[in-house]
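Full structure from sequences and hints, please.
Number of protein chains: 2
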Amino acid sequence: MADVAERAGVSVSTVSRTLRGLSTVSDDARTRVEAAARELSFVISRQASSLVTGKTGTVAVLAPTLGSWFVGQVLRGLSEILRDAGLDLKVYSVGDLTERAAFFDRLPARRNADALLVVSFDLTEAEFARLDGLGVPVVYVSQHAPGRASVYVEDIAAARAGTRYLRGLGHRRIAFVRAAPDSGFTCSSRTRLFGYREALAEAAVPYDEELVVSTSRGRRATAEAVGRLLCLADPPTAVFAETDEIAMEVLWVLRSSGIDVPDRVSVLGFDDHDHAEWLDLTTIAQPAAEVGRAAGTLARTLIGDPSADPARHVVLPTHLIPRGTTGPVREAQGREDPAREEPTWEKPTWEEDGSSV
Amino acid sequence: MADVAERAGVSVSTVSRTLRGLSTVSDDARTRVEAAARELSFVISRQASSLVTGKTGTVAVLAPTLGSWFVGQVLRGLSEILRDAGLDLKVYSVGDLTERAAFFDRLPARRNADALLVVSFDLTEAEFARLDGLGVPVVYVSQHAPGRASVYVEDIAAARAGTRYLRGLGHRRIAFVRAAPDSGFTCSSRTRLFGYREALAEAAVPYDEELVVSTSRGRRATAEAVGRLLCLADPPTAVFAETDEIAMEVLWVLRSSGIDVPDRVSVLGFDDHDHAEWLDLTTIAQPAAEVGRAAGTLARTLIGDPSADPARHVVLPTHLIPRGTTGPVREAQGREDPAREEPTWEKPTWEEDGSSV
DNA sequence: ATGAAAGCGCTAACAT
DNA sequence: ATGTTAGCGCTTTCAT
Chain A
57 MADVAERAGV SVSTVSRTLR GLSTVSDDAR TRVEAAAREL SFVISRQASS LVTGKTGTVA
117 VLAPTLGSWF VGQVLRGLSE ILRDAGLDLK VYSVGDLTER AAFFDRLPAR RNADALLVVS
177 FDLTEAEFAR LDGLGVPVVY VSQHAPGRAS VYVEDIAAAR AGTRYLRGLG HRRIAFVRAA
237 PDSGFTCSSR TRLFGYREAL AEAAVPYDEE LVVSTSRGRR ATAEAVGRLL CLADPPTAVF
297 AETDEIAMEV LWVLRSSGID VPDRVSVLGF DDHDHAEWLD LTTIAQPAAE VGRAAGTLAR
357 TLIGDPSADP ARHVVLPTHL IPRGTTGPVR EAQGREDPAR EEPTWEKPTW EEDGSSV
Chain B
57 MADVAERAGV SVSTVSRTLR GLSTVSDDAR TRVEAAAREL SFVISRQASS LVTGKTGTVA
117 VLAPTLGSWF VGQVLRGLSE ILRDAGLDLK VYSVGDLTER AAFFDRLPAR RNADALLVVS
177 FDLTEAEFAR LDGLGVPVVY VSQHAPGRAS VYVEDIAAAR AGTRYLRGLG HRRIAFVRAA
237 PDSGFTCSSR TRLFGYREAL AEAAVPYDEE LVVSTSRGRR ATAEAVGRLL CLADPPTAVF
297 AETDEIAMEV LWVLRSSGID VPDRVSVLGF DDHDHAEWLD LTTIAQPAAE VGRAAGTLAR
357 TLIGDPSADP ARHVVLPTHL IPRGTTGPVR EAQGREDPAR EEPTWEKPTW EEDGSSV
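Heads up: the protein sequence lines correspond to chains A and B, in order. First residue of the first sequence: 57, per my numbering; consecutive thereafter. First residue of the second sequence: 57, per my numbering; consecutive thereafter.
Hints listed in this document are in silico derivations from the structure and should not be mistaken for laboratory results. Bear in mind that the values here come from a model prediction, so they are computed numbers and not experimental data. Where hints are given, some of them may not hold.
Treat identical chains as interchangeable: a pair holds within one or across any two.
For lysine to any residue, the following SDA-like pairs were computed, each having C-alpha atoms within a straight-line distance of at most 20 Å [said to hold, decoys possible]:
1. Lys-111 - Ser-363
2. Lys-111 - Pro-362
3. Lys-111 - Asp-361
4. Lys-111 - Trp-308
The following block contains the structure:
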């Protein structure tokens, strides 16, 4: 910066002021400084600025993985917002529980970011407490964190609506396939399962634990999970998968076993992954990139305005997209035909919930 | 840090030394400092350290988007390595040409990272020159950058092998569907197309420009591209797609038009995307996460060892996975049956090329 | 509108 | 083995 100052024939103060766009610089000086900076291809060192301002100009994200579709979309939306705000994006990912413990122990984001976004984590109370004392705003993404800033879609209502939709097609034996709960890396299992149970309860369909199975990544686990379902005395006629990625695996397992979808089994996903359409997968769409954008905007507000509501919640809408993997339940074969509900598609409940951005 | 020093009853130097794991600290002092640091939940400010060391402890990545499968996998592998090395990961993404120009104009990574990784960019000479003068090591990922550090898979050999495989199945009218070249964000089009042409030339199959079409993201563009191919007087019997994501779109378009795959048209992808298996897509697998890991390792070397070869190339292997979307060419209907080559699966050429890690 | 000078929190060189 | 001190490159008073 001293070089720039010298070249422009001004003091470092003036260079600093110019580069930060302060108004108290004469046009003449501004022009000379800009020229000098360009010629020297000078860029401000965030490190040095932050030392004095206390701001790092960086937002950190903590995510379980960087390889999942959802996280990718969130990052995409987020980076858009941050770029416009002139903020850098730092990414921390923790692959397993050891790394997770290490992260919360050390909290490397502590002084190295102006805000932390936590994506898709099912946090313990201790972890929440740790983050509460972080010293910078924390935004919880894709989860409802009571009393704390969060951005999410109404998983419960959406899962309820999805389950109702299946019910409306006559299904009463509806399985739920969730991600392995022990991973601890997602809380959507819990909320979506909750909505599923609510919708069953509404229709007085008994909740059957056998219909709820877990799978971890990889076809073997999914094949086993689906196998368990098909072996039941009273197997499901529909499967609600926690995510499209799981739904696609289920689809693959079913079809490679020669089980017709949707004729024998209907499959419903969650996400509206890019590939869902190609597979003609019925799904509940959530605006993943928009979640990232909203989270970025919220973080920006929290950073810039200390008086902003630190517990602001942003709820984004979802909508069901009926496609080809769901259909009316097949006429019962040997079993009694349950009082078949009208397969009308109900107005989604979340439209009543409203969304605030 | 002064607080920690006071609490531990030592000087800041000792705290600094302890926290950096230097050996010249007595066990006694070390214990006290560690306790104090923990109680105060103190973390080093990278900003302040970097100001004096000149190292930021951060590696930056420039990618066209964060939403694509390939970039996600690369980041996943990369973050693993960087985490182990105690380096932070900063991400820059440029969505369009304006942002791209802005990035290369300002080069925000200039003083804010110890190394820059450029993923999947088809760079102009001017951009290369700009990065050459960046002042920190640059690693080119998923592209062969002559004279500069790069990590990539042998696209040319792989595409050649893929094309040979199709030829081996009797196909002589082989289309190539590439990403829209004007995006300028990927150079795999160019190299893979090159391998495709080489394999055609080997077999004296004339290169037909009409068989090479572009598509941008979204089914409309792909439907148009496929439509153009099918309308040809002598339409292709096989399609080689630049990426699995494109291949999946092609599959979807073909199947929703009632065109049987592989009976009427074979489809070959590139990547071995997680979903390729579910769609039974024949593809050329590339180790995307491993590319990220190798790039991270290379960056680490370049940062830590100034005498390291700044033009080191790491070439990773690919392999073809025959699945259900490719099959022998259908017997000619009305047209002459070309001298059908034996559909033997040749030993992949890249095994001869060798890979160095 | 501009400059001089004091530090931000840390590390490195130099004492001890 | 530990403490002291001088900056790293910037922003920010405070003068002018």
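Review point. How would you classify Lys-111 and Ser-363 at a CA-CA limit of 20 Å: within, between, both, or neither?
Key: Answer is within; shortest intra-copy Cα gap is 17 Å, inter-copy 35 Å.
Exercise for review: Using 20 Å as the alpha carbon limit, work out where Lys-111 and Asp-361 are close: within a copy, between copies, both or neither.
Suggested key: within (13 Å within a copy, 31 Å between copies)
**Study point:** Homomeric proximity label, Lys-111 with Trp-308: Cα distance no greater than 20 Å
**Key:** Answer is neither; intra-copy 49 Å and inter-copy 49 Å both fail.
Practice item. Evaluate Lys-111 and Pro-362 at a C-alpha cut-off of 20 Å and name the case that applies: within, between, both or neither. Key: Only inside one copy: Lys-111 and Pro-362 sit 13 Å apart there, 31 Å across copies, limit 20 Å.
In terms of the numbered hints stated before, the structure departs from hint 4 and from no other.
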